[in-house]
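Participant: From first to last, the protein sequence lines stand for chains A and B.
In terms of our numbering, the first sequence is residues 1 to 113.
In terms of our numbering, the second sequence is residues 1 to 118.
To be clear, the hints were calculated from the coordinates, so they are not data collected in a lab.
A quick note: this is a predicted structure, and the numbers were derived from the prediction, not measured.
Each hint should be verified, as a subset may be incorrect.
Unchecked claim - Cross-link-like lysine to any residue pairs, in silico, SDA-like; alpha carbons within 20 angstroms at most: (1) Lys60/A x Thr71/A; (2) Lys100/A x Thr78/B; (3) Lys41/B x Thr5/A; (4) Lys100/A x Ser18/B.
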Amino acid sequence: GNSVTQMEGPVTLSEEAFLTINCTYTATGYPSLFWYVQYPGEGLQLLLKATKADDKGSNKGFEATYRKETTSFHLEKGSVQVSDSAVYFCALSFSGGYNKLIFGAGTRLAVHP
Amino acid sequence: GAVVSQHPSWVICKSGTSVKIECRSLDFQATTMFWYRQFPKQSLMLMATSNEGSKATYEQGVEKDKFLINHASLTLSTLTVTSAHPEDSSFYICSAPPGLAESTDTQYFGPGTRLTVL
Numbered sequence: 001g002n003s004v005t006q007m008e009g010p011v012t013l014s015e016e017a018f019l020t021i022n023c024t025y026t027a028t029g030y031p032s033l034f035w036y037v038q039y040p041g042e043g044l045q046l047l048l049k050a051t052k053a054d055d056k057g058s059n060k061g062f063e064a065t066y067r068k069e070t071t072s073f074h075l076e077k078g079s080v081q082v083s084d085s086a087v088y089f090c091a092l093s094f095s096g097g098y099n100k101l102i103f104g105a106g107t108r109l110a111v112h113p
Numbered sequence: 001g002a003v004v005s006q007h008p009s010w011v012i013c014k015s016g017t018s019v020k021i022e023c024r025s026l027d028f029q030a031t032t033m034f035w036y037r038q039f040p041k042q043s044l045m046l047m048a049t050s051n052e053g054s055k056a057t058y059e060q061g062v063e064k065d066k067f068l069i070n071h072a073s074l075t076l077s078t079l080t081v082t083s084a085h086p087e088d089s090s091f092y093i094c095s096a097p098p099g100l101a102e103s104t105d106t107q108y109f110g111p112g113t114r115l116t117v118l
């Protein structure tokens with residue numbers, strides 16, 4: 001079946017540290033891949049996405065590259081800020097499937113000054 | 001960006017009672033809305049797809065008589081947890097794509113409703 005596996009959190013970093021949150025997927029076809037972020041008290045927001053192999057999604061300094069050979073979509077940021085503290089969800093969906101999202105468990109990131 | 005609201009944000013009820021959760025798209029029309037359930041430290045699990053003017057489509061293993069979904073208008077979907085029991089305690093989240101779900105990969109999420117059944 002289709003599934004998404006994320007590294008467990010919480011991840012605790014100091015401000016300006018480098019961030020990596022690992023995400024791997026299992027899929028029967030070629031899904032689109034997403035990172036969503038949930039700030040405290042708010043709904044999930046799309047952070048970035050990639051729709052085919054080798055695509056790189058980027059937004060707000062975050063990046064992730066769709067790697068078909070390793071079935072991965074790791075999230076990275078070169079220098080995190082306190083305001084990046086949130087829960088990050090990796091997800092996949094298939095076009096034509098009414099965009100039903102399959103989520104990973106989420107990774108909580110805490111950034112300290 | 002577009003906003004999806006949920007009401008209530010949290011609810012506590014007694015076992016055996018029914019609870020209704022509303023999901024509204026505030027500045028766009030949504031022919032489709034999705035309902036998710038999230039257990040602590042676990043993924044969001046899709047429960048059902050709510051379609052305006054027609055029956056909801058439930059995911060495998062979700063009891064349709066337990067979780068009643070009504071998508072009465074292009075801006076409102078409701079999830080009713082009937083005869084709630086402690087195992088129904090969870091965080092319920094809705095989302096809505098703008099316009100036709102099959103033509104976009106964008107979804108806007110509500111902030112969620114925490115249900116606690118005593």
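Participant: What are the numbers of the hints the structure violates, in ascending order?
Facilitator: Hints 1, 4 are the ones this structure does not satisfy, whereas the remaining hints hold.
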